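As you go down the protein sequences, you meet chains A and B in turn. Residue 1 is where the first sequence starts when you use the UniProt record's numbering, and the numbers rise one by one after that. Residue 1 is where the second sequence starts when you use the UniProt record's numbering, and the numbers rise one by one after that.
For the record, the hints were derived by calculation from the structure and aren't laboratory data. Be aware that a few hints might be false.
Computed far set for chain B versus chain A, every beta-carbon distance over 10 Å [said to hold, decoys possible]:
no.: 1; residue: L12
no.: 2; residue: Y15
no.: 3; residue: V19
no.: 4; residue: Q20
no.: 5; residue: G31
no.: 6; residue: A46
no.: 7; residue: I86
no.: 8; residue: L89
no.: 9; residue: S106
no.: 10; residue: W107
no.: 11; residue: G112
no.: 12; residue: G127
Restraint ranges, calculated between C-beta atoms of paired labels, are given here [stated by the list, open to error]:
no.: 13; chain 1: B; residue 1: V22; chain 2: A; residue 2: A18; range: 28 to 36 Å
no.: 14; chain 1: B; residue 1: K16; chain 2: A; residue 2: I36; range: 50 to 58 Å
no.: 15; chain 1: B; residue 1: G63; chain 2: A; residue 2: A10; range: 51 to 59 Å
no.: 16; chain 1: B; residue 1: P7; chain 2: A; residue 2: V47; range: 48 to 56 Å
no.: 17; chain 1: A; residue 1: L126; chain 2: B; residue 2: A54; range: 14 to 22 Å
no.: 18; chain 1: A; residue 1: E20; chain 2: B; residue 2: A54; range: 38 to 46 Å
no.: 19; chain 1: B; residue 1: I32; chain 2: A; residue 2: L33; range: 40 to 48 Å
no.: 20; chain 1: B; residue 1: L12; chain 2: A; residue 2: T56; range: 32 to 40 Å
Capping the alpha-carbon separation at 25 Å, the derived lysine to aspartate or glutamate pairs in DMTMM-like fashion look like this [to be verified]:
no.: 21; chain 1: B; residue 1: K16; chain 2: A; residue 2: E20
no.: 22; chain 1: A; residue 1: K107; chain 2: A; residue 2: E90
no.: 23; chain 1: A; residue 1: K19; chain 2: B; residue 2: E100
no.: 24; chain 1: B; residue 1: K16; chain 2: B; residue 2: E100
no.: 25; chain 1: A; residue 1: K63; chain 2: A; residue 2: D53
no.: 26; chain 1: A; residue 1: K107; chain 2: A; residue 2: E20
no.: 27; chain 1: A; residue 1: K107; chain 2: A; residue 2: D53
no.: 28; chain 1: A; residue 1: K19; chain 2: A; residue 2: E99
no.: 29; chain 1: A; residue 1: K63; chain 2: B; residue 2: E100
Since the structure is predicted, the reported quantities are computational estimates derived from the model, not experimental observations. The beta-carbon is built from N, C-alpha and C at its ideal position, and this holds for glycine as well.
So the chains spell out like this:
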Amino acid sequence: MNKDLRNPLARARGLGSAKEGVSHWMLQRVTALGLIFLTLWFVVTVVSLAHADFDTARATLAKPWNAVLLIALIITMFRHAVLGLQVVIEDYVHTRWLEVASLVVIKFIAVLATLTGVLAVLRVALGS
Amino acid sequence: MAQTGRPLSPHLQVYKWQVQMVSSILHRVTGILNAVGSLIIVWGLASIAAGPEAFGTFTSVAGSPFGTVVMVGWTLNFFYHLCNGIRHLVQDTGAGYAIESFVRSSWLSIVGAIVLTALVWGYVLLGAQA
């Protein structure tokens, strides 16, 4: 006799009680992999600019490849940050309304920060 | 807590501190702090887009004594999360779970972060004198 209490269809879909399967887990790791390369490139770039003046910093940021990698970094970084902070909040915030509010607030902040960062890079790269 | 008479799992204070606990806790703490740090990156980028004056404010805050301490701490924080993150990605493949190698890789993350931070700041500070 089948001891699995789940409906066979639910098993086949493999989405579990959170209705999203392993997508959170997987995206956390895929963004982590991307961030290894993006953040190391970013650290090298920033270190090379450590004593640079404004014009040098701006010219470096305006280079197409730097702009592309920076935008990739900003988006990946905040996606990864929200996934991680979400787990911490779910683990430690036990008051339900506070938990939900925190989850929404970190997403709002992450989206605004992402858009601000991307707009800044585009303004410099497109020369306005 | 309800008095159920069931055995409790030991409280954190009862555990002898082990490096595996430290590396796990640090991964979360450094992750949270990196999330804050990511806002500083956006501030820096926005200041370049806004012009020399805003960029000057940013670099003077970042280069102040307090700012420098924050930057060095952030570097250490970042490199720890990077090293230990790579360790976790390796462990996700099923490798390195024997207690011995688990302890060794914990230390590797911590020492690696300190070494990388020293390299970066050694380079930055020596470059300032040159």
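To see whether the hints hold, each was checked on the structure:
Chain A leaves L12/B outside its interface by the beta-carbon criterion, the shortest separation being 13 Å against a cut-off of 10 Å. Annotated as non-interface, Y15/B keeps its C-beta farther than 10 Å from every C-beta of chain A; the closest such distance is 18 Å. Chain A leaves V19/B outside its interface by the beta-carbon criterion, the shortest separation being 21 Å against a cut-off of 10 Å. Listed as a non-interface residue, Q20/B keeps its Cβ farther than 10 Å from every Cβ of chain A; the least gap is roughly 18 Å.
Against chain A, the non-interface label of G31/B is violated: not every CB pair exceeds 10 Å, the least being about 5 Å. A Cβ of chain A approaches the Cβ of A46/B within 10 Å, the least distance being about 4 Å, so the stated non-interface status is violated. The beta carbon of I86/B sits about 7 Å from the closest Cβ of chain A, which is not more than 10 Å, so the claim that it is off the interface is violated. The claim that L89/B is not at the interface with chain A is violated, since a C-beta of that chain comes within 10 Å of its own (minimum 6 Å).
S106/B, annotated as away from the interface, keeps every beta carbon of chain A farther than 10 Å; the closest lies near 18 Å. Interface exclusion of W107/B from chain A stands, the closest Cβ pair being 20 Å apart, more than 10 Å. A cut-off of 10 Å between C-beta atoms confirms that G112/B is not in contact with chain A; the least separation is 13 Å. At roughly 6 Å from the closest C-beta of chain A, the C-beta of G127/B falls inside 10 Å, breaking its exclusion from the interface.
A C-beta distance of roughly 30 Å is found between V22/B and A18/A, which places it inside the suggested range of 28 to 36 Å. Checking the proposed 50 to 58 Å range against K16/B and I36/A shows it is violated: the Cβ atoms sit about 33 Å from each other. Between G63/B and A10/A the Cβ separation comes to about 57 Å, which falls inside the hinted range of 51 to 59 Å. Under the hint 48 to 56 Å, the C-beta atoms of P7/B and V47/A, about 53 Å apart, fit the expected range.
L126/A and A54/B have their C-beta atoms about 18 Å apart, which keeps the hinted 14 to 22 Å range intact. A beta carbon spacing of about 40 Å between E20/A and A54/B agrees with the range 38 to 46 Å that was offered as a hint. One distance hint, 40 to 48 Å for the beta-carbon pair I32/B and L33/A, is violated here, with the actual separation near 21 Å. For the pair L12/B and T56/A, the beta carbons lie near 49 Å from each other, so the given range of 32 to 40 Å is not met.
Simply put, K16/B and E20/A have alpha-carbon atoms about 38 Å apart, too far for the 25 Å limit, and the pair is violated. At roughly 14 Å between alpha-carbon atoms, K107/A and E90/A fall within 25 Å of each other, so this suggested pair holds. At roughly 37 Å between alpha-carbon atoms, K19/A and E100/B are farther apart than 25 Å, so this suggested pair is violated. Proximity of K16/B to E100/B is assessed by CA-CA distance (about 17 Å); at most 25 Å being required, the pair is judged to hold.
Using a Cα cut-off of 25 Å, the hinted pair K63/A and D53/A holds, with the two alpha carbons roughly 16 Å apart. In summary, the hint linking K107/A to E20/A is supported, as the alpha carbons are separated by about 18 Å, within the 25 Å threshold. The straight-line distance between the Cα atoms of K107/A and D53/A is roughly 34 Å, outside the 25 Å bound, and the hint therefore fails. Under the criterion of a C-alpha separation no larger than 25 Å, the hint pairing K19/A with E99/A is consistent with the structure, at around 19 Å.
Between K63/A and E100/B the alpha-carbon distance is near 47 Å, which puts this suggested pair outside the 25 Å criterion.
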